[in-house]
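K.L.:
If you want the building blocks of each chain, they are given just below.
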Amino acid sequence: MEQQQLIPHLFRSEYRKIVAVLCHHFGIDHIQAAEDIASETFHTALDTWSYKGIPGNPKGWLYTVAKNKAANYLKRNKIFSNKVAPALQQFPISVNEEDIDLSDKNISDSQLQMLFTVCHPSISSEAQVGLALRILCGFGIEEIADAFLTNKETINKRLFRAKEKLRAERIEIKFPGKEEIANRLDAVLTTIYLLFNEGYYSESNNQVVRKDFCLEAMRLAYLLIENEQTNTPRVNALLSLMCFYSSRFEARVGKQGEMVLYEAQDENLWNNELIAEGSYFLKQASIGNELSKYHLEAAIAYWHTVKADTKEKWENILQLYNRLLQVEYSPVAALNRTYALSKTNGKQEAIREAEKLNLSSNHFYFTLLGELYKGIDNVKAKNNFQHAFELAKTQTDKQVIQKQIDGL
Amino acid sequence: MDEFILIFRHEDGKKVASPEQIQLWMKQTMDWIGSIAAQNKFSGGNGLAFENAKVVHHNKTITNGPFGDIKETLGGYVIVKANSIEEAAEMAKGSPVLQGEGNTIEVRKLVKGDGVH
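In the order they appear, the protein sequences are chains A and B.
Using my numbering, the letters of the first sequence correspond one by one to residues 106 to 513.
Using my numbering, the letters of the second sequence correspond one by one to residues 9 to 125.
A hint or two may mislead.
[Said to hold, decoys possible] Listed next, the in silico SDA-like pairs over lysine to any residue satisfying Cα-Cα at most 20 Å (straight line): (1) B:101 - A:453; (2) A:448 - B:37; (3) B:89 - A:174; (4) A:452 - B:47; (5) A:174 - A:154; (6) A:398 - B:47; (7) B:35 - A:154; (8) A:412 - A:444; (9) B:35 - A:417.
No wet-lab data here; the hints were simulated from the structure.
Nothing here was measured: the structure is a model prediction, and the numbers come from that model.
Between the sequences and the hints, there should be enough to build the whole structure, so can you do that?
P.N.:
The following block contains the structure:
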């Protein structure tokens, strides 16, 4: 019998589909059961396929097994809720054992509804990101723990508490109402943005998982874009910015896994396809008058895809940062704005501005000052880089700074 | 931290400047506001259009203005966060509005609804 090749990440992508559909079918009280059924389905596949070979239609096989397991669960639960639960005051599952709908349409509807459920304001944003990674993206506890630089127990506890909270608050798995959608969508976008940043800036050395986090964040944004009600300029701006950022994925990691700073990147390694997609979604984002922080960040990211160091480029970047900081302050934006200012208005002015920032506990602040003093006062440059080195927490950051000191 | 409003007062709102000059002022204004925002001290602000303005008088008559008999016109405002009126005044020094001779910036503390004021 011919051995079939499984498509990469099949289990992960099927896991999240099955979980979403089952959660939707069972209700919020049974997230754990949905996860268990999906996991058991893969264990059954492992036990069967390992010996008998991969079936012709692996997806269909998985769905059939998942449906059977779900039906058994419902049957058990019915017996339990009819005969045992009345005494225990448990929440029964009211649905029938009707066919569980694993059609493409229901899968994407269920995932979208789960996305809104997971990003419910009643749970912390940290827990939202964790739940999204687990339930919507299908990452394992170990992979999530690795990205957050923590252990499995911590993640398990965090997810458990979040699920309990959703249960206790009786959050319904459904699409928010028309009036509510704009507000709730903002929370969803924040979570997707955090998820992306978790991958892009994670201190974990696991490059593969980090990149997958970013791709998953983009997939979730795309899910929103595919739905008419959630296809807003803001969502398009967010996806655009993620495309631009990811286009530099290959270029920002060196052969030894070290960080390669933007200035030193080989632009031949930039992914032109992602840059083109970023431009497309930025154009879609520009329909209407809305100018969100995602728009501004996407526009900044766009200008970074232009490698040539022109005055026009940096003037645009500076003005976009000026606007961004008015919309939402962040230390990173303040530091980047000052760097752009050095490119347009000169290093002396940028040094004066940097000193007003009041960010002296941030190692990037001293890296910036080191960079600004370079060529003006190399002793000061070195002192600042050394200060940054002492404040930097990760090996990667320290390596990058050491390189700067050596280069002086 | 308290909030302070910086009110830009122009001596002559009708003064004509070259497009090049206006463009330079615009960049300087944006950089100045960006600098305040980069210190996390920006609360808000807006320009006030000079064209098509009206003044309503005590006797309820309405005139085109505020030019003519009134010497000063207001050009806009920025609200900043600062620890003292001195700090707010120091920030105002960076505004390109002050490049115009006779122009001034009035710095006033915003009243909080805290029962003290």
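K.L.:
Now tell me, hint by hint, if it's right for this structure.
P.N.:
Hint-by-hint comparison with the structure:
1. Distance hint between residue 101 (chain B) and residue 453 (chain A) is fulfilled; the C-alpha atoms sit about 18 Å from each other, no more than 20 Å.
2. Restraint check for residue 448 (chain A) and residue 37 (chain B): satisfied, since their Cα atoms lie roughly 18 Å apart, inside the 20 Å limit.
3. Between the alpha carbons of residue 89 (chain B) and residue 174 (chain A) the distance comes to roughly 60 Å, so the proposed pair goes past 20 Å and is violated.
4. For the proposed pair residue 452 (chain A) and residue 47 (chain B), the alpha carbon gap of about 18 Å is at most 20 Å, so the pair holds.
5. Of the supplied pair hints, the one linking residue 174 (chain A) and residue 154 (chain A) holds, its CA atoms being roughly 17 Å apart against a limit of 20 Å.
6. At roughly 18 Å between alpha-carbon atoms, residue 398 (chain A) and residue 47 (chain B) fall within 20 Å of each other, so this suggested pair holds.
7. Proximity of residue 35 (chain B) to residue 154 (chain A) is assessed by CA-CA distance (about 66 Å); at most 20 Å being required, the pair is judged violated.
8. Annotation: proposed proximity of residue 412 (chain A) to residue 444 (chain A) holds, straight-line Cα distance about 16 Å (limit 20 Å).
9. The straight-line distance between the Cα atoms of residue 35 (chain B) and residue 417 (chain A) is roughly 13 Å, inside the 20 Å bound, and the hint therefore holds.
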